[in-house]
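Colleague: I would like the entire structure built from these sequences, with the hints used as guidance.
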Amino acid sequence: MAALEVSGLKKSFGGLKALNDVNLSVQFGTVHAIIGPNGAGKSTLLNAFVGRLIPDSGSVVFDGISLVGLQPHEINQAGVVRVFQTPEIFGELSLLDNVLIPAFSHRDGEFQLNGWSRAAEQAQVHEVAKHMLEDVGLFAKRNTIANSLSRGDKRRLELAMCLAQEPKLLLLDEPTAGMSRADTNSTIDLLQRLGDGKVTKIIIEHDMHVVFSLAEKISVMAQGAIIAEGAPDAIKTDPRVQEAYLGGAHL
Amino acid sequence: MMNTLAKQDRWLLFGFALAVLAGPVLLKPFGAGYPDLLQKFCIFGIFAIGYNILFGLTGYLSFGHAAFLGIGSYTAVWSFKLLTMNVLPAILLSVLLTSVFALLIGYICLRRSGIYFSILTLAFAQMAYNMAYSVLTPITNGETGLQLAKDDLRAVDKFFGVAIQDGIPSTNFFGMSLVGYSGFYFCAVLLILSFYVSMRITRSPFGLMLKAVKSNQNRLKYTGINTRSYALMAFVISGCFAGLAGAMLAVTDPLAGADRMHWSASGEVVLMTILGGVGTLLGPVIGAGVIKYLENIFSSFNEQILNGVFGFLPDALQHPVVKFVGLFVGEGWELTLGVLFLVLIIFVPGGLMQGLQSLQRRLFPSQPTPAADAARGAH
Chain A
1 MAALEVSGLK KSFGGLKALN DVNLSVQFGT VHAIIGPNGA GKSTLLNAFV
51 GRLIPDSGSV VFDGISLVGL QPHEINQAGV VRVFQTPEIF GELSLLDNVL
101 IPAFSHRDGE FQLNGWSRAA EQAQVHEVAK HMLEDVGLFA KRNTIANSLS
151 RGDKRRLELA MCLAQEPKLL LLDEPTAGMS RADTNSTIDL LQRLGDGKVT
201 KIIIEHDMHV VFSLAEKISV MAQGAIIAEG APDAIKTDPR VQEAYLGGAH
251 L
Chain B
1001 MMNTLAKQDR WLLFGFALAV LAGPVLLKPF GAGYPDLLQK FCIFGIFAIG
1051 YNILFGLTGY LSFGHAAFLG IGSYTAVWSF KLLTMNVLPA ILLSVLLTSV
1101 FALLIGYICL RRSGIYFSIL TLAFAQMAYN MAYSVLTPIT NGETGLQLAK
1151 DDLRAVDKFF GVAIQDGIPS TNFFGMSLVG YSGFYFCAVL LILSFYVSMR
1201 ITRSPFGLML KAVKSNQNRL KYTGINTRSY ALMAFVISGC FAGLAGAMLA
1251 VTDPLAGADR MHWSASGEVV LMTILGGVGT LLGPVIGAGV IKYLENIFSS
1301 FNEQILNGVF GFLPDALQHP VVKFVGLFVG EGWELTLGVL FLVLIIFVPG
1351 GLMQGLQSLQ RRLFPSQPTP AADAARGAH
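Protein chains in written order, with the numbering used here: chain A, 1 to 251; chain B, 1001 to 1379.
No lab work stands behind these hints: they were computed from the structure. Any given hint might turn out to be false.
Unchecked claim - Calculated lysine to any residue pairs in the SDA-like style (CA-CA distance at most 20 angstroms, straight line):
(1) A:Lys198 <-> A:Asn47
(2) B:Lys1007 <-> A:Lys217
(3) B:Lys1007 <-> A:Glu110
(4) B:Lys1211 <-> A:His106
(5) A:Lys10 <-> A:Glu92
(6) B:Lys1211 <-> A:Lys217
(7) B:Lys1211 <-> A:Glu121
(8) B:Lys1211 <-> A:His206
(9) B:Lys1211 <-> A:Gly109
(10) B:Lys1081 <-> B:Lys1007
(11) B:Lys1211 <-> A:Asn47
(12) B:Lys1211 <-> A:Asp108
(13) B:Lys1007 <-> A:Asn143
(14) B:Lys1211 <-> A:Asp63
(15) B:Lys1211 <-> A:Ile145
(16) B:Lys1211 <-> A:Met208
(17) A:Lys17 <-> A:Asn47
(18) B:Lys1211 <-> A:Asn143
(19) B:Lys1211 <-> A:Arg118
(20) B:Lys1211 <-> A:Ser117
(21) B:Lys1211 <-> A:Thr144
(22) B:Lys1211 <-> A:Lys168
(23) B:Lys1007 <-> A:Glu121
(24) B:Lys1007 <-> A:Ala120
(25) B:Lys1211 <-> A:Gly91
(26) A:Lys10 <-> A:Phe28
(27) B:Lys1211 <-> A:Glu110
(28) B:Lys1211 <-> A:Trp116
(29) B:Lys1007 <-> A:Ser117
(30) B:Lys1150 <-> B:Phe1160
(31) B:Lys1211 <-> A:Lys198
(32) B:Lys1211 <-> A:Arg142
(33) A:Lys168 <-> A:Lys217
(34) B:Lys1150 <-> B:Gln1126
(35) B:Lys1211 <-> A:Gln112
(36) B:Lys1211 <-> A:Val61
(37) B:Lys1007 <-> A:Trp116
(38) B:Lys1211 <-> A:Leu113
Modeller: In structure tokens form, the structure reads like this:
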């Protein structure tokens, strides 16, 4: 069953066709990787999914809901959650607050005038936040300010924030860029454990170690279009992929 | 951890209430222990507390909050004229009407953020100011200002057969006159209530979202939050506080003039908040108190007093010194405020609260500073 159905998606910036008739079908509960050279349109594609960018034409349907034209927060409340390429966190707030915010968003929706209750006394939400911080190994630092974290830790914090929302579809834009090998492996572990096949994940990644560890299906993008699609083993040996992505070199 | 923090807040509230109620005694040595000035501290404290909910928590710098102060004052005086000299309906109506205006103005201004938001709020406030002098003169009574008159309608008072004394009646709270110290205590109670409300908001999930708006609005949008609704609600809440403060100005002195809506009045509340400490609970109140106190001191100085102060100097020196210092007092007291502000922003950019905290850390280096943390609004 397809969780995300993208058809005929087009977007031009001036003369540049950033998305040139993209068709994509992501199966429910799978990990789907999108790879391709720089400038292939991978991040543009994610931008079109989350409402950061309005496509010129085409449709994006998630779980029966058409996402094109919805506000970013509406798309998020539908269950589509994105991890950004450069970590987007609440830098001046504590790690705990950073994770509490998405947890409250998940519980209360896009707006709730609960100005009289104490945030510190919402046990269930705190439980979620605590659990998420433990999962990414940042619980000990929960009271420090998020800006003081290293780049790798910021990425893990952002991941914890996204997971606190219990996403249905998780969009990961290079989730391990800038991480050490050990951190990368622990992130791979975390992503594998996550959701028990109930969470659909789309990963954009340059690190082939990450891609082949996680992905069940791979789509290859070049010049705004998907040029090949298939299981990891098939993609590895596809000559078109090697031509476009690796300049003919062998994996 | 939760309980100790809740306890800390209770102590902070208790200490605050005690300090405010003991104001007449505590501020006597500074020559500020009389009701007129203490009332001003309280009223502008309320104004600054409300302003801080918008500026301190969400980071939206409104440059037109004096408009709400003015709307509150006019509404209150009209309530005195048409309905009753009891202050309760005046206050409720003022808050209600300012919240409606804040909703409309906020809805339009919040379509932009950053400097464009500030300019839009400034434009609205100046429009209100100019309209009060032109098309709205039937309501505002133009430059004379809206005043009470002997033959005002006062329908509710008449209905209940409240005796009409000679001259213009004074404001009351269900018969209790609000002149002198009773007026101050009335303002003090409202200040304490306002402080409590702002504390509850700061500690709530709603308050957390407001802080998130300031920190990273983009992330918040992609976390499923309708950021504009939160900012608008903060705008309306802070507008209500400004309306309450405006009503209180009319309660303590039943007169409303458009100068209350001048842009410099909007600028003043920004200064109060920054001077005390943006985003802190206590800071805005302290900032309001300090500015109103300095205004009171420096604006009352004149050449005669200065000549007395510098009388010990030889005549040749006394004259130029008095001339120079004279620039900074009386009408020119805002020059002093400017200098003070420069010094503060350069040396303690976080405001007086930050200054106090670093002082506390320097004096007691080993001790944690829970009170300061609580005051900063941390969890």
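Colleague: Next, verify each hint and record whether it holds.
Modeller: For each hint, the structure was consulted:
Using a Cα cut-off of 20 angstroms, the hinted pair A:Lys198 and A:Asn47 is violated, with the two alpha carbons roughly 23 angstroms apart. Restraint check for B:Lys1007 and A:Lys217: the C-alpha separation of about 54 angstroms exceeds 20 angstroms, so the hint is violated. Among the hinted pairs, B:Lys1007 with A:Glu110 is inconsistent with the structure: their alpha-carbon atoms are about 31 angstroms apart, more than 20 angstroms. Using a Cα cut-off of 20 angstroms, the hinted pair B:Lys1211 and A:His106 holds, with the two alpha carbons roughly 18 angstroms apart.
This hinted pair does not check out: A:Lys10 and A:Glu92 have alpha carbons roughly 38 angstroms apart, beyond 20 angstroms. Restraint check: the Cα-Cα separation between B:Lys1211 and A:Lys217 comes to about 40 angstroms, which exceeds 20 angstroms; the hinted pair is violated. About 18 angstroms separates the Cα atoms of B:Lys1211 and A:Glu121, which keeps this hinted pair within 20 angstroms; it holds. Between the alpha carbons of B:Lys1211 and A:His206 the distance comes to roughly 35 angstroms, so the proposed pair goes past 20 angstroms and is violated.
Our distance criterion of 20 angstroms between C-alpha atoms is met by B:Lys1211 and A:Gly109, whose separation comes to about 17 angstroms. For the proposed pair B:Lys1081 and B:Lys1007, the alpha carbon gap of about 45 angstroms is over 20 angstroms, so the pair is violated. Under the criterion of a C-alpha separation no larger than 20 angstroms, the hint pairing B:Lys1211 with A:Asn47 is inconsistent with the structure, at around 26 angstroms. Only pairs whose Cα atoms come within 20 angstroms are accepted, and B:Lys1211 paired with A:Asp108 is accepted, the gap being roughly 17 angstroms.
Of the supplied pair hints, the one linking B:Lys1007 and A:Asn143 holds, its CA atoms being roughly 19 angstroms apart against a limit of 20 angstroms. For the suggested pair B:Lys1211 and A:Asp63, the alpha carbons sit about 32 angstroms apart, so the restraint of at most 20 angstroms is broken. With a CA separation close to 13 angstroms, the supplied pair B:Lys1211 and A:Ile145 stays within the 20 angstroms bound. A threshold of 20 angstroms between alpha carbons decides the hint, and for B:Lys1211 with A:Met208 the separation of about 39 angstroms lies outside it, so the pair is violated.
Pair hint A:Lys17 plus A:Asn47 holds up; C-alpha atoms about 15 angstroms apart against a cutoff of 20 angstroms. For a cut-off of 20 angstroms, the pair hint linking B:Lys1211 to A:Asn143 stands: about 16 angstroms separates their Cα positions. Of the supplied pair hints, the one linking B:Lys1211 and A:Arg118 holds, its CA atoms being roughly 15 angstroms apart against a limit of 20 angstroms. Restraint check: the Cα-Cα separation between B:Lys1211 and A:Ser117 comes to about 16 angstroms, which is no more than 20 angstroms; the hinted pair holds.
Our distance criterion of 20 angstroms between C-alpha atoms is met by B:Lys1211 and A:Thr144, whose separation comes to about 16 angstroms. In summary, the hint linking B:Lys1211 to A:Lys168 is not supported, as the alpha carbons are separated by about 27 angstroms, beyond the 20 angstroms threshold. Taken as a hint, the B:Lys1007 and A:Glu121 pair is honoured in the structure, with Cα atoms around 13 angstroms apart against an allowance of 20 angstroms. Restraint check: the Cα-Cα separation between B:Lys1007 and A:Ala120 comes to about 12 angstroms, which is no more than 20 angstroms; the hinted pair holds.
With a CA separation close to 11 angstroms, the supplied pair B:Lys1211 and A:Gly91 stays within the 20 angstroms bound. As the CA atoms of A:Lys10 and A:Phe28 are separated by approximately 24 angstroms, the hinted pair breaks the 20 angstroms bound. A distance of roughly 16 angstroms separates the Cα atoms of B:Lys1211 and A:Glu110; the hinted pair therefore holds under the 20 angstroms criterion. Between B:Lys1211 and A:Trp116 the CA atoms are separated by roughly 16 angstroms; this keeps the pair inside 20 angstroms, and the hint holds.
For the hint pairing B:Lys1007 with A:Ser117, the CA-to-CA distance comes to about 15 angstroms; that is within 20 angstroms, so the pair holds. At most 20 angstroms may separate the alpha-carbon atoms for a hinted pair to count; B:Lys1150 and B:Phe1160 meet this at roughly 18 angstroms. For the suggested pair B:Lys1211 and A:Lys198, the alpha carbons sit about 33 angstroms apart, so the restraint of at most 20 angstroms is broken. The suggested pairing of B:Lys1211 with A:Arg142 holds, with an alpha-carbon distance near 17 angstroms, which does not exceed 20 angstroms.
Proposed proximity of A:Lys168 and A:Lys217 is supported: the alpha carbons are some 18 angstroms apart, at most 20 angstroms. At most 20 angstroms may separate the alpha-carbon atoms for a hinted pair to count; B:Lys1150 and B:Gln1126 exceed this at roughly 32 angstroms. Our distance criterion of 20 angstroms between C-alpha atoms is met by B:Lys1211 and A:Gln112, whose separation comes to about 15 angstroms. Distance restraint check for B:Lys1211 and A:Val61: the Cα-Cα separation of roughly 33 angstroms exceeds the 20 angstroms cut-off, and the hinted pair is therefore not satisfied.
Among the hinted pairs, B:Lys1007 with A:Trp116 is consistent with the structure: their alpha-carbon atoms are about 16 angstroms apart, no more than 20 angstroms. Distance check on the hinted pair: B:Lys1211 and A:Leu113 sit about 14 angstroms apart at the alpha-carbon level, within 20 angstroms; holds.
The structure is inconsistent with the numbered hints 1, 2, 3, 5, 6, 8, 10, 11, 14, 16, 22, 26, 31, 34, 36, although it conforms to all the rest.
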